[in-house]
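Build the full structure now, drawing on both the sequences and the hints.
Chains A and B, in that order, are what the protein sequence lines are.
Once you know that position 178 of the first sequence is 178 in the numbering used here, the rest is easy, because the numbers rise by one and skip nothing.
Once you know that position 235 of the second sequence is 235 in the numbering used here, the rest is easy, because the numbers rise by one and skip nothing.
Hint data in this document are derived by calculation from the structure and do not stem from the laboratory.
None of the values given here were measured: they were computed from a predicted structure.
Where hints are given, some of them may not hold.
[As the list claims (entries may be wrong)] Covered stretches of chain B (in silico footprint by chain A; criterion: 3 or more residues with CB under 8 Å from a CB of chain A, positions within the stretch not fixed):
id : segment
1  : 116 to 124
2  : 127 to 135
3  : 241 to 253
4  : 438 to 445
Quick reminder that beta carbons are idealized off the backbone N, C-alpha and C, glycines included.
Number of protein chains: 2
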Amino acid sequence: MITSCPSALRASARARTSNADSVPRRERFSAMCNCALVMCVVSDVPTKERTIGGRRTAEQNLWGVQPAGPMLFGRGCTPAREPATICLQCVDTQKGAAMSDDQSRPLDDEEVLRYWIPRLVADGGDPNDALAVRNRAATWDAWPDAWAELGDGYIAMGQDRLALGHQASAAAAYVRAAICYHFAQVVAFHLPELKTELQGRKVAAFREAAPLMSPPAERLDIPFGDANLPGYLRLPAGRDGPVPCILLVPGLDSTKEDFATIMEMAVQRGLAAFAFDGPGQGEVHPRILLGQNYEACIVAAHEAMAARPEIDAERIGTLGRSLGGIYVVKAAAVEPRIKATVVFGGAWDLGDWPAMPPLIRDGFVYATGADDEDDALARLSDVTLDGCISAVTSPVLVVHGRNDAIFKAHQAERIAAALPGNATLWMDEDGVHCCHNHAFEYRTGMVDWLDRTL
Amino acid sequence: MITSCPSALRASARARTSNADSVPRRERFSAMCNCALVMCVVSDVPTKERTIGGRRTAEQNLWGVQPAGPMLFGRGCTPAREPATICLQCVDTQKGAAMSDDQSRPLDDEEVLRYWIPRLVADGGDPNDALAVRNRAATWDAWPDAWAELGDGYIAMGQDRLALGHQASAAAAYVRAAICYHFAQVVAFHLPELKTELQGRKVAAFREAAPLMSPPAERLDIPFGDANLPGYLRLPAGRDGPVPCILLVPGLDSTKEDFATIMEMAVQRGLAAFAFDGPGQGEVHPRILLGQNYEACIVAAHEAMAARPEIDAERIGTLGRSLGGIYVVKAAAVEPRIKATVVFGGAWDLGDWPAMPPLIRDGFVYATGADDEDDALARLSDVTLDGCISAVTSPVLVVHGRNDAIFKAHQAERIAAALPGNATLWMDEDGVHCCHNHAFEYRTGMVDWLDRTL
Numbered sequence: 001m002i003t004s005c006p007s008a009l010r011a012s013a014r015a016r017t018s019n020a021d022s023v024p025r026r027e028r029f030s031a032m033c034n035c036a037l038v039m040c041v042v043s044d045v046p047t048k049e050r051t052i053g054g055r056r057t058a059e060q061n062l063w064g065v066q067p068a069g070p071m072l073f074g075r076g077c078t079p080a081r082e083p084a085t086i087c088l089q090c091v092d093t094q095k096g097a098a099m100s101d102d103q104s105r106p107l108d109d110e111e112v113l114r115y116w117i118p119r120l121v122a123d124g125g126d127p128n129d130a131l132a133v134r135n136r137a138a139t140w141d142a143w144p145d146a147w148a149e150l151g152d153g154y155i156a157m158g159q160d161r162l163a164l165g166h167q168a169s170a171a172a173a174y175v176r177a178a179i180c181y182h183f184a185q186v187v188a189f190h191l192p193e194l195k196t197e198l199q200g201r202k203v204a205a206f207r208e209a210a211p212l213m214s215p216p217a218e219r220l221d222i223p224f225g226d227a228n229l230p231g232y233l234r235l236p237a238g239r240d241g242p243v244p245c246i247l248l249v250p251g252l253d254s255t256k257e258d259f260a261t262i263m264e265m266a267v268q269r270g271l272a273a274f275a276f277d278g279p280g281q282g283e284v285h286p287r288i289l290l291g292q293n294y295e296a297c298i299v300a301a302h303e304a305m306a307a308r309p310e311i312d313a314e315r316i317g318t319l320g321r322s323l324g325g326i327y328v329v330k331a332a333a334v335e336p337r338i339k340a341t342v343v344f345g346g347a348w349d350l351g352d353w354p355a356m357p358p359l360i361r362d363g364f365v366y367a368t369g370a371d372d373e374d375d376a377l378a379r380l381s382d383v384t385l386d387g388c389i390s391a392v393t394s395p396v397l398v399v400h401g402r403n404d405a406i407f408k409a410h411q412a413e414r415i416a417a418a419l420p421g422n423a424t425l426w427m428d429e430d431g432v433h434c435c436h437n438h439a440f441e442y443r444t445g446m447v448d449w450l451d452r453t454l
Numbered sequence: 001m002i003t004s005c006p007s008a009l010r011a012s013a014r015a016r017t018s019n020a021d022s023v024p025r026r027e028r029f030s031a032m033c034n035c036a037l038v039m040c041v042v043s044d045v046p047t048k049e050r051t052i053g054g055r056r057t058a059e060q061n062l063w064g065v066q067p068a069g070p071m072l073f074g075r076g077c078t079p080a081r082e083p084a085t086i087c088l089q090c091v092d093t094q095k096g097a098a099m100s101d102d103q104s105r106p107l108d109d110e111e112v113l114r115y116w117i118p119r120l121v122a123d124g125g126d127p128n129d130a131l132a133v134r135n136r137a138a139t140w141d142a143w144p145d146a147w148a149e150l151g152d153g154y155i156a157m158g159q160d161r162l163a164l165g166h167q168a169s170a171a172a173a174y175v176r177a178a179i180c181y182h183f184a185q186v187v188a189f190h191l192p193e194l195k196t197e198l199q200g201r202k203v204a205a206f207r208e209a210a211p212l213m214s215p216p217a218e219r220l221d222i223p224f225g226d227a228n229l230p231g232y233l234r235l236p237a238g239r240d241g242p243v244p245c246i247l248l249v250p251g252l253d254s255t256k257e258d259f260a261t262i263m264e265m266a267v268q269r270g271l272a273a274f275a276f277d278g279p280g281q282g283e284v285h286p287r288i289l290l291g292q293n294y295e296a297c298i299v300a301a302h303e304a305m306a307a308r309p310e311i312d313a314e315r316i317g318t319l320g321r322s323l324g325g326i327y328v329v330k331a332a333a334v335e336p337r338i339k340a341t342v343v344f345g346g347a348w349d350l351g352d353w354p355a356m357p358p359l360i361r362d363g364f365v366y367a368t369g370a371d372d373e374d375d376a377l378a379r380l381s382d383v384t385l386d387g388c389i390s391a392v393t394s395p396v397l398v399v400h401g402r403n404d405a406i407f408k409a410h411q412a413e414r415i416a417a418a419l420p421g422n423a424t425l426w427m428d429e430d431g432v433h434c435c436h437n438h439a440f441e442y443r444t445g446m447v448d449w450l451d452r453t454l
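Next up, the structure:
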């Protein structure tokens, strides 16, 4: 079934209250662009060359912006040559326009406000921190240090609060430190040593938080072939027998720690949650690189949780974020005991590769340890639901944003269409990647769906 | 004692990591202005007349902004006459420059980003909602409808989730609805009927949330003279005997519902919290107007909580927000059983009146039911700590932001100086009113302080 999503609810509420005098901008310009917040004219002439994996590719950059409608911010204008029309709301869907890996470009307010703040807040961060970084980092080069400095402040705060016996505040401060370190490293593919160091600080910060949480997060190492995969298990307080459990599968360049808010929602609703790093992710990179058969680690995590006496082995589901959303479907195809699956900003395959933001393609090269993009794609040749999705017979929820710049909406629609009997699609017409800009609705919505489906 | 505050910690962390190449903008311009984020030249010539309480007063407005340093946003420039220098970071400290009651002026990004988003998030709202309002409301006239529409969406979400049995999500949605309705009405003094209607929707939304919270918020009416005052009591789960309790006292045009985040912090830390509306606030306005002897209602709330078997009558403290911060000190002076007091963005008196933003002065006229500002001031003639503060012998924590536009920093410093033996002052050099832009540190800090002081 394909059902309407919470955005329809918003549109309905809007319809009830709006009148001709207060038509929101989105609607006034809806004839011009699908999302149509602000219309601009931008040159489509390549203006900059970039190097990745030894190859040189021409990239378009945002310049020559010319207002053709009301602007949120005034901007200096340069006449555009051979203009093409884009919309600033979905600017991050334009190749190279935003989420570029050109670190010397100015920090763009629209990118910060429309993508990074929503993602930060969704993962438990503080928008005041993003505004502070915006005010202190003139270019993306300065982004890592600005975030790391905020992380250091939260570490100091956590230590101070813990010394006074305030566990709850210490835990919250350490979680915020981890988020700051994550944001510090998220654009730093060009500085692998710095990225590794910041990842280490992220891991250490969250590890301080884990035992202080209420209920605590138990650190586990689950067997995976000859190796172990690290994870955190939170069990709800006041259990009366075994409880259902959600396996939380990170995406590209996200990790188990980034599931803090979803884990909190789970335990508040009486569900256990286990988040772990798989190949190419967090603590496991570069020990095991992202490659073929990632779904084996989800099966291993399922096995480990099914063996826990606190968890009901018949009621274990998965939630895969972004790239993890592909893998949870593949896992459901090979492990029929997985009772329900959530594809959270996922995809059918990597067919959108050429249109993905450069930062994301850099991420794939990094996670796979590839020499270049072609090598990365070769290492990920099994990242497709072709030939396996028909084996999925359990319920699947697909959550996606129409403005997703990384995995385009047709990817999610294809998954839902391939599972007509058991998939539910929530497509948010205003949503960015993982619907971070509507995180409250969808994150509670996904956990609630698992709560009633498991 | 006067101790250093968490901002010193941030400065210290900054000092450890910053170097000459990455001096933040604040520091680069520190010679120009105390807070010095962006320097502008603005005319100090009155440009607009406004009417309040039957009197006409000349107000300065933001226009003719001329960049004299790096601008966060480009702006159209008009040459200024008789220029005066202000800083956009503390723009809300300028009389009439922001938080004006001119509703036809454009929605200003700096005001939204620097004051309203931090306050919204501090009180449990979603910055995505503020960005949505920013994108849909071109002027402040459109602000109430845009927020109310978001509130309606959350009401519908709460109903949908509740119908499916998801209490936690329903409670969270109703709380967000209440916050949206609060923000809808916060600037609507010029539309008293709309303001009353939106206040009613705020009250109704929170009332839906209260029994669904975990632990629930119990609605109480406490005796106050011939009348009753409505409030919400949250008791921590898993109590082992009577617990300490925080009485939460709202400020001007804030209400018991706005304490949702602080109440949550309290119960997470094993403290009870009771928030209520006093004269001139929330449900009590206009039944009882703001006037003389407000502190009597704090004493009444203390009496009611001391009588509860779940609460330790010897361990009751207060936290007064903004205007409520004056009243909690007055209450401590007359009720020695109040064991500890937090002045959260409060003041010594209303001596800063002429410099307060017009919106705030409108609020005093509204809350007191006065004819004009002079009448309001006459009705509030006892709002001063003169002659009473020396009777306060219990511990007092004073939390304040140096950039507070409503109650200037000297007000807080005066309170601390008058109580050399028992006051602690946390002055955040970067803080706005109630340090909303550093809410995490100070709100957890205040509750932690009460936790160890009660």
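task: Please count how many residues of the segment 116 to 124 of chain B have a CB within 8 Å of a CB from chain A and say whether that reaches 3.
output: holds (count 3)
- prompt: Do at least three Cβ atoms from the segment 241 to 253 of chain B come closer than 8 Å to Cβ atoms of chain A?
  reply: violated (count 0)
- prompt: For the segment 127 to 135 of chain B, does the count of residues with a C-beta closer than 8 Å to a C-beta of chain A reach 3?
  reply: This one holds; 5 residues, not fewer than the three required, reach chain A with a Cβ under 8 Å.
field: Cβ contact check, 8 Å cutoff: the segment 438 to 445 of chain B against chain A, three residues minimum
entry: Our answer is that it holds, as 6 residues pass the Cβ test (under 8 Å) against chain A, meeting three.
Hint 3 from the list above is the single one not met by this structure.
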